Structure formats: C-alpha cells, structure tokens
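Colleague: As a plain string of letters, each chain reads:
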Amino acid sequence: MKGKQIRRRDAIKTMAVGSSGLVQLMASAPAAAAARELAAAAAQGVVATWKPSFLTPEQAEILATLAELIIPETDTPGARSARVHEHIDLVLSHETGEVQQGFRQGLEEVDRLSQLQFERAFVRLSPQRQEALLDRLANSEPDHPEAGGGHRFFRDLRRRTVFAYYTSQEGIHQELGYQGKQVLAEWEGCPHPGHHGDED
Amino acid sequence: MAQREYDVLVVGSGAAGGMAAKVLTEHGLEVLVLEAGPPVKNTDFLTHAMPYDFPFRGRGNPRVIQKDGPLAAREQTPFSGYYTKESEHPYTNAPTSGPQKPYKWTGRSRILGGRTLHWGRQSFRLAEFDFKAASIDGFGVDWPLSYGDLAPYYDKVEDYVGIQGFKEGLPQIPDGRFLPPFAYNCFEHLIRKAAARKGWRMTALRTAQLSRYHRGRPPCHYCGSCGSGCGIGAFFSSIAVTLPDAAKTGKLTLLTDAVVREVVVDTEGRVRGVSYIDRKSKMERKVRAKVVVLAAGTLESTRILLNSVSRFHPQGMANESGVLGHYLTDHFTAGQVIGVLPELVGSKIRNDDGKANGSYIPRYSNLGSRHPKFIRGYAIMVKGGSSVFPRHADLIGGFGAGYKKRIKELHPAVVRVYARGEALQIFDSYVEIDPEVVDAWGIPVLKFHYKRTDNDYHMLDDAFQNLQELMHEAGAEILSEDKSLSAPGRIIHEMGTTRMGEDPRTSVLNQFCQAHEVSNLFVMDGGCWPSSACQNPTETILAIAWRSSDFLAEQFRTGDL
Chain A
1 MKGKQIRRRD AIKTMAVGSS GLVQLMASAP AAAAARELAA AAAQGVVATW
51 KPSFLTPEQA EILATLAELI IPETDTPGAR SARVHEHIDL VLSHETGEVQ
101 QGFRQGLEEV DRLSQLQFER AFVRLSPQRQ EALLDRLANS EPDHPEAGGG
151 HRFFRDLRRR TVFAYYTSQE GIHQELGYQG KQVLAEWEGC PHPGHHGDED
Chain B
1 MAQREYDVLV VGSGAAGGMA AKVLTEHGLE VLVLEAGPPV KNTDFLTHAM
51 PYDFPFRGRG NPRVIQKDGP LAAREQTPFS GYYTKESEHP YTNAPTSGPQ
101 KPYKWTGRSR ILGGRTLHWG RQSFRLAEFD FKAASIDGFG VDWPLSYGDL
151 APYYDKVEDY VGIQGFKEGL PQIPDGRFLP PFAYNCFEHL IRKAAARKGW
201 RMTALRTAQL SRYHRGRPPC HYCGSCGSGC GIGAFFSSIA VTLPDAAKTG
251 KLTLLTDAVV REVVVDTEGR VRGVSYIDRK SKMERKVRAK VVVLAAGTLE
301 STRILLNSVS RFHPQGMANE SGVLGHYLTD HFTAGQVIGV LPELVGSKIR
351 NDDGKANGSY IPRYSNLGSR HPKFIRGYAI MVKGGSSVFP RHADLIGGFG
401 AGYKKRIKEL HPAVVRVYAR GEALQIFDSY VEIDPEVVDA WGIPVLKFHY
451 KRTDNDYHML DDAFQNLQEL MHEAGAEILS EDKSLSAPGR IIHEMGTTRM
501 GEDPRTSVLN QFCQAHEVSN LFVMDGGCWP SSACQNPTET ILAIAWRSSD
551 FLAEQFRTGD L
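These protein sequences, in sequence, are chains A and B.
Going by this note's numbering, the first sequence opens with residue 1, and the numbers climb by one from there.
Going by this note's numbering, the second sequence opens with residue 1, and the numbers climb by one from there.
Treat the hints as calculated values from the structure; they're not laboratory data.
For clarity, every value in this text was computed on a predicted model and none was experimentally measured.
Incorrect hints may have been included.
Said to hold, decoys possible - Residues from chain A that face chain B, not an exhaustive set, calculated with beta carbons under 8 angstroms:
1. 65
2. 69
3. 87
4. 131
5. 132
6. 133
7. 134
8. 178
9. 180
10. 181
11. 192
12. 197
Beta carbons are placed, not taken as given, at the ideal position from N, Cα and C, and that holds for glycine.
Excised from the complex, chain A in its bound form:
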C-alpha cells in the first residue's frame, strides 16, 4: 500500500487523544517491536551454534538440501539462507511420535532412493541429480511401492518448507515485498483506474 505512512510515535500520540474510561488506548506497536527484537536476538545467538533438536545432523542436511531445491536462491534468498530446515526441525521436535516417525522415514527414503539409483548419498549428488530425484518423488503415485510413499512425503515436505520460508523475514520482505502490518493514514485501495467499473 502506497498510502502515506505515519511515523509510529506520531501515531501513538494521535491515538491517545481518544483515550477514555475503563480502557487506556495506546498502540500496541511497542509490545510487538519488543517481541521482534527478542526473537531476532535469540535467533542470532542460535545461528552460529545451531544443532537440530529432533533430526540427526545428517538428516538435517538432507532436509536443508531438499528445502533449497523447493525454494532455491534466485535474486532473493532461498530456503537454506532463510534457515527453513531449522524451523522445520523445531516444529518436528514438538510433533507427535507418529508424525515425527513419518517425516524421518521420508528423509531416509530419499537417501535410499539416491543410493539405489546413483549409489551415492543424496547430499553428495549433483544439483541436477538431486532435482531429478525430487521430481520423481513429486510425481510418484501416493504409496507407490518403489517410491515408498514418496508423494505424500513430498506434499508434507513442501508444505512445511513453504510455511517456514514465507513466514521468515527473507520470504515476507525480500521475496514477496509484502507491505502490510504498518500504520497508514489512509486506505488508498486499487490504484489502477482501468480496473474500476463505471461507478453508478
């Protein structure tokens, strides 16, 4: 939204004019900003020393490789630099045993297929071969014996990757350039007169 932005401090001042009665009116921006800083600080502390809490380091590397194949680096960051695998590992560490088991088996299956077809670990394949293998997984039938339930795993993997990437700073700001969650003075609406109808 291109509408005029108000500086946050001014916005809070403006809003306070309306304060009355039981409820003290104040923008909640400070609370959100504090939460954001906290999360950023926590994340920075973790980044250098990250260890997976659910996956083995080897499985985490398979996951990071797969996630980067799904959302690769282009002119904007990809899944690996958005640390998608770290978020997926965190979520997995709190899932039920059944879900955890299913995901772990999916990763192991990727390596098994890689050994079967190319006689190498998945993470050591060339990017072209990795992509070919993922493509095979994506297009396999659900529960196809050869693919070992690959299709379902692919859907799950892609859903988790998409969620983790597009909820990251990289996904929201650098890739999509989403402009929301701001304090705007006015709602401009559609800026293209060609889209508007003949108003009656």
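Starting from the structure of chain A, add chain B where the hints point.
Modeller: Quick look at chain B alone, frame taken from chain A:
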C-alpha cells in the same frame, strides 16, 4: 460481595453483555457483570507482529494445537481465554453418519470482551422479510417483532458503534447510518464488474471499523491485524466501547474469572442470583440480584439454563415448553472456489489485507420468484489479494525457481469466493446436558445433536454452480473448488436455542428476551433468533440487546419485574 444485592446481574461481557451493561447502567441501575475469563487491555494485543516474531511463526506449538486446538495455540494472542482451551472446555456429540458432520463448537472465548475482541466485524441489518420468513414460505415461525420495531435500534447501534459501508438501496440488506466506506482493492473492482454482468450487485462488506474519528475513538490505520485484537479500539469491541461507557456511569461492577454454573431461585421459584466458580481458586460462590440477564453466548447461556435444575424448574430454567436447547443453527459455508484473475498476475504486491475485509454479494434467491428446490438464501463472500502469507502455494504444482516465481506472481491475483447460507431451524437439532462429562470447573457440558436439512444441500447445489459461474465470468483461472457444507458450528454464528416467540408453549423468551416462565430472567444473546437469515448476526444482537435493556429498565422502574 455475596451479601450485596445488585439491581441487575449480567452474565457475559461480549456483544450482548457489554451492550446490556451500557444501557442498563445509563438508565441508573446498579449492574454487576460476571465474565468467565480474565481481564484484558487494548495494550495487550500484539497487532503489528510478524510471523517471524514468534517461535512457531504464529501458528503455535503442535503439542498445544493437539491438546487445546489451533485457535488457543495461536501465538499472536498469548493470553488466556482469547480462545478457550479445548482440554478445559470439552463438549460431546451424538454419533453422526453420512455427510453429516458433528457440531464443531469453535471460536469460543473466555476473556473480558468475549468474542468482540476478534469478531469478523461484518455488520448488516436483517431485511424486513427476514422477520416474517415463515409467512412468506411456510417454514418455521415468524419473529415476534418486526423490522419496524428494531429499525430505531439499528439506527442507534450504527450511530454508536460506527460502521463503514456503501449505501446500496437493496431491501436484502437495508441501508443504515454508515461512515464513509473503505475503497475497493483491485480484485474487488474486477469481481464487482463480473457480478454486475451476472445481474448481481456486489458491495463492500459493511464492517464495524472506523474510517474516521468517531465518538472519541481513532480511525483504523489499516494494519490488517484485526484477528489479533485492536490496540487502539478502531473496531467495535466491548472493551473499547460499551464497557468503558458503562464504567463512566459509576454504576458498573465488573467481576472477571467468574464461571457461572447456574441461575439460583428463591422459595417461590423466582430468580435471585447466580452461583459461580472462581476460575482460579475453583471455589463456588453466590451473588444476588433482582434481575438476571444471561448474555454468555447462545450455547453457554443455554447450558447455564439447562444446568439450573430446581424443584420449580425440573427440566432446567425457562424450559416448561421443552424447546430450550432446540432449534440450534449456525450459518454455513456452501461451497468455495479459489481462482486467479489474469489481469492481476505479476502486479505489485501490496497489502490488500490491510483493511482486513472483502466484499459481499447479497442474497438474490427467493426474493421475487421462488426457487423450485430450496427456500431462503445465501450471500456470496469475496476475499482475496495479497496478504502476509501466500496460501495459494499449496494449490499449485511443482517446486524450484519456477514454483517460487509462480507463488509471487499469483499472490496479488488470488480470489476466493464462497457462499454463506441460512440453515433452517429444526427441533431435531439440539443440545442437552451430557451427565457423563464435566469441564475443568466441574460443570456438566453440552452434548450436540445436529441434523442438516435437505434444504441445506439443495442450496449448496445452487450456490456452488453460481460461484463457478461468477469466477468464469471474471475470467479466473481456477486453482481449487470445494463443493461441501462447512461443519455445523464452524461459522461461529450459533442461534436459536432460547428462541423468542409469542406463544410460551413453543418458545423460551418473549420479544424483549424476557423468559416467559420467570419475569426477572432475560437471555439477550443470539439464542433468541427464531430464524437465522443469512446475514452476520452481531449488529442485530446489539440492536436486540439495546431494545431489550430499555424494556427491562422501564419494567424495573414501574416495578413490573
């Protein structure tokens, strides 16, 4: 506290309870509001937070989701009761079969302000014909009040609450006193033109969000975070509007963390107060009043009445008719189509979710001519544009750089249309007390028996076809289609279980929400609706609560209660 006798005791602080508190205190009555949840302030809301501000990106810990449901697990609302925990507030369903889904009692809140903290804000008047639907098509009963009876209160509510929207001159959604409307997003202009070619008029959703300063409250600043509560009170909620006004009178006492168990009667069977459990200590206490107003939400008010068994009221309070708990309905979503508008593919990503709402094609069925297969009708909701998360990513195939590019290109172009229909109220859809199960405070819970009617499925056939035609007319590329009815309860517009009517043998309340059976008991929430129309209910709930509270105060003054 237990010794003091209040004039009126209001159970619940949501839309109806907040309005009752405001109106009754302004009439000079001493009012105690009991709220089952904790207090909350506007400043508690994390309205401008981004998903990455939270460990689980806002969605919540899977373990908490499993235990307490996805709503209670949400991280943007980190306070107790904003959404209730399923583990503490169980309910049961009778077995269902076939396409019938069990009732899903979702979206519940136990917190000061109740569901007004996160409601959808959509505000429509019912039509004149909605109040006499039975006379028109022969199904069910007419309302015991007319549009004319309620119209002055719709005016008052709109003036007071502040509702933005366009005047359209359509009898299905009568015009009112609106603030200037929010401008349309791109996708809304395009769908609006397509709807016009189908002969339908699309209008922006009328919402209780301020488009300018209104009665001391600041306007919306378009952060699009309404679902997490409003930090500045720019949309209507009890804590931003009605409760502060009630407090200003000096007549309001507020008691939070008070979980009401039952209505208490005197030796003649008349209401003399309620008993409640202190949420934290779990101690049972009583509080007295000359009049009790239940406004705990349709199903919680009904549950309190069903649990209020005494020798005077052996089937529960206000249940001589045997209809208490029956005629349960919720609006339903009848089909959904998601597509992409080619004109918008690849356009700049903005923040189409900033105004936090979409558009609306009002009901067109059974207005002049009669549909051969179903009665009543539905409206079409139009949502879309770019938002913080590209939900369409799961609806397109592939992976890699092309997939990533496609997600971005489609983001501003995605449109979702779905129908919102009226479910008929039938005796066989009902709640009762499940004697086997109690909640975390030891109070017996509700058991649901819900039955869809054939009318619902015929309406779905018609709605789905029209949704497809609308998207076709707009030239949309379809991403997904879903021809199904939402689970009952899913729309969180529960109604009907304490229906109002002229005949005490077939209804619980009179037209002023006063129990036929006990004159000093009122039930002012959505439970009173004897038919549910298809418009969002809150504005009508507010208007009815205001009108009923005026009546209550007048009766109190003349000593008729």
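Colleague: Enumerate the violated hints, using their earlier numbering and listing them in ascending order.
Modeller: 1, 5, 6
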